[in-house]
Each structure stands twice: as C-alpha cells, then as structure tokens.
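The two chains are supplied separately, each in an independent frame; assemble them into the complex guided by the hints.
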Amino acid sequence: GQNIDQPTEMTATEGAIVQINCTYQTSGFNGLFWYQQHAGEAPTFLSYNVLDGLEEKGRFSSFLSRSKGYSYLLLKELQMKDSASYLCAVRLRRQLIFGTGTRLQVFP
Amino acid sequence: DTGVSQDPRHKITKRGQNVTFRCDPISEHNRLYWYRQTLGQGPEFLTYFQNEAQLEKSRLLSDRFSAERPKGSFSTLEIQRTEQGDSAMYLCASSLAQNTEAFFGQGTRLTVV
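Which chain is which? The protein sequence lines are D and X, in order. Residue 28 in the numbering used here sits at position 28 of the first sequence, with consecutive numbering throughout. Residue 38 in the numbering used here sits at position 38 of the second sequence, with consecutive numbering throughout.
Bear in mind the hints are in silico, worked out from the structure with no lab data behind them. What you were told as hints is all true, and nothing was included just to trick you.
Covered by chain X, per the in silico footprint, the following chain D stretches (three or more residues, Cβ under 8 Å):
id, region
1, 22-34
2, 41-55
3, 99-105
Being a predicted model, the structure only gives us computed values, none of them experimental. C-beta: ideal position from N, C-alpha, C; glycine also.
So that you can see chain X by itself, here it is in the shape it has in the complex (with noise of 0.2 Å):
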C-alpha cells in the first residue's frame, strides 16, 4: 500500500491521559498536514510541516497538542492530559507540492471517556 497511513485506527482513552498518533505519508511528499474532523464538520487544519520543519500551526493547536516531523518522514501528533472535547477522528494528508491534491490517510479516531 503505497497511500498515507496512520496508526492506530482507533484510540479509547480515559480522560486524562496522554496518546501518540503516527502517521507515515506517501514516501516522495514533503508536505504533511494534520486536520480534526467531528462528526457532521469538515476537518479543521491543526498543523503543517515541510519536510521536518513545522512551518504553521492553528490556534486550535493547544500547549496539549504537540507533533513532530523528526526526519522529514513519518510524523507523530501527540495529545496530552485528554480531554472529552478532544474526541475527534485525527486526519493526516500529504502533498508533493503546494498546489497539488493532499492525499488523506484513514484516520484515528480517538475517544476520550
């Protein structure tokens, strides 16, 4: 499978807690972006890297929130001390370049109880 994918698919957590998210972009794209997505919304941007550079970030993006890039490949979004508000599907997407498609993984979707 030569797509964007993300682990894990599910998440369940207990409020409180901290959970990591992975996601490995289709292996030639340099740009790689991070979007929340609650039932019924389309996703909202939460950050963008090019290569390992993590170049914006959204306002939605609390000091809980944190991702990394390290070596401009895989990328790993990290939420600390979750929340139920957090319970959201977490997308990630890739691009070769800025005005090409984004290619969506399948998502993480993470339950806070």
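In isolation and in its complexed conformation, chain D is listed as follows (with noise of 0.2 Å):
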C-alpha cells in the first residue's frame, strides 16, 4: 500500500518559521509536490523535488531525501494569509498520492 505521513495540525506565529515534514512509503517514486489549500478552494502548487536537496522559492522552500523517504516543507516569515492546508504528494507512474495533510494556522 502507499502511505505518506504529514502532522494533522501545526501552529505558529506570524513572523516567524515553520517546517512541516512529510514522510512517505511508496511503491514507487516520481517526484514530490507539495501543494496549499485554502478551505473550500482547490489546491495550488507550491514545489516539486525530485533530486535530493533543497528547492528555494522565495518564502518556501522544500527538502528531499529518497533514501529517508522524508520531505519538508519550510515557511518563512510567515503571514496570516499563510493560514491554510499544507499537501503532500508523491507522483508514482500515473497519478499523484496525497498525505492528509497539515493544517496551518498563523497567529498574529
């Protein structure tokens, strides 16, 4: 079976960072999205690794490590608006395999 882990829910205030892990076991790989959701709106993207290392954009910025099958996803000077669910997805040949994903919620 698949199974991609992420926490239920993470708190933080605004201003600052916050890392939210995901870890997976798949029986295959082809890349990992991670993706924001607002509730009651689709999700959007925000990253995708595929080799080892660190994606930086702008505040976002995400991690991969294939042999720890583990991801983060790491936000920085977080704002209100940042509020929201954070998905992760691993693509396996054909289709894209979704945590549960962790809801964020910054405090001013």
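Spelled out as structure tokens, the structure:
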C-alpha cells in the first residue's frame, strides 16, 4: 500500500518560520509535490522535488531525501494568509498520492 | 480564464439519482485526473486520462462511477444511483507532462440528501 504521513495540525506566529514534515512509503517515486489549499478552495502548486536537496522559491523552500523517504516544507516570514492546509503528494507512474494534509494556523 | 474549470460548482441531489460533472482542462494539457476529497482529508485519486485514453482507475471507483474524455479535451464524471457516502468535493486536475505540476480546478461539491 501507499503511505504518506504529515502532522495533522500546526500553529505558528506571524513572522516566524515553520517546518512541515512529510514521510512517505510508496511503491514508486517520480517526485514529490507540495500544495497549499485554503478552506473551500482548490489546491495550488507550491514546489516540486525529484532529486535530493533543497529547492528555494521566495519564502517557501522544500527539501527531499529519497533514501529516507522524507521531505519538508519550510515557510519563512509567516503571514496571516499562510493559514491553510499544506498537502504533501508523491507522484507514482500515473497518479499523485496525497497525504491527509497539515492544517497550519498563523496567529498574530 | 485559462485555468482548469469545473461545472457545476455545487450540486445537491437526492439519493439514487444520477449526476454528471464536467471538467475543462488547460487547453494544451493532455493529462487529466479526477480526485475526490472529503473534509479533513487529502485528495484521493479516482482516475487518469492521457488524451482520450483512460489509463488508470482507482479501486475506489466502483461500477457506479464512470469517466470519459471523448476527444481528449473536456472530461465528464458520472455517478449513478448516488449514495450519501458519495458526498464530497470532486476535483479535476490537468498537467502538461508526467513530471510537471498538476493544476486543479475549483471542484464540484456534491451533497447527496
């Protein structure tokens, strides 16, 4: 079976840094995606890692270790609008398998 | 709007009725996916098209569910004899190639009463 684990909820303060972890055990691997989803809205793409290492994109960075089956999403200089669910997804050959998502609440 | 569009945005139906949803992907994208999402969960894969060919179906997709993409452009998802457990958000996504990001539509929220 496919297994993707993320913490269910996290809280953080405006201006802070937060790291959301994701571990996976899947039958294949063709890359790992992070999506952001605000309540009632569609998921929007944040980042993609296929090789080990860190990908940086503005306030967001994502890290991948394929040997450990591990990724994290790093959000810096948190803003209130970053309150959302963050979905980790592994691409298999023809589909994306999603974790249950981490609901992040940012407080002033 | 050049994104993925889905219609309708909301659908309320009585148990036992059939419903059909439509998805228009981004025009140059040949890959199309259907997902189902319930509250507090991540999207669950239902089915995948490459052009008009349905190449993969989840075991979640019972025989009451059928999807088509007749000309390799828009797609429809039909649920026959709806049950209360079918109540969920149905999301469509499209992508240009295998290892590029999938873009999601706003979804169709189905409520079965």
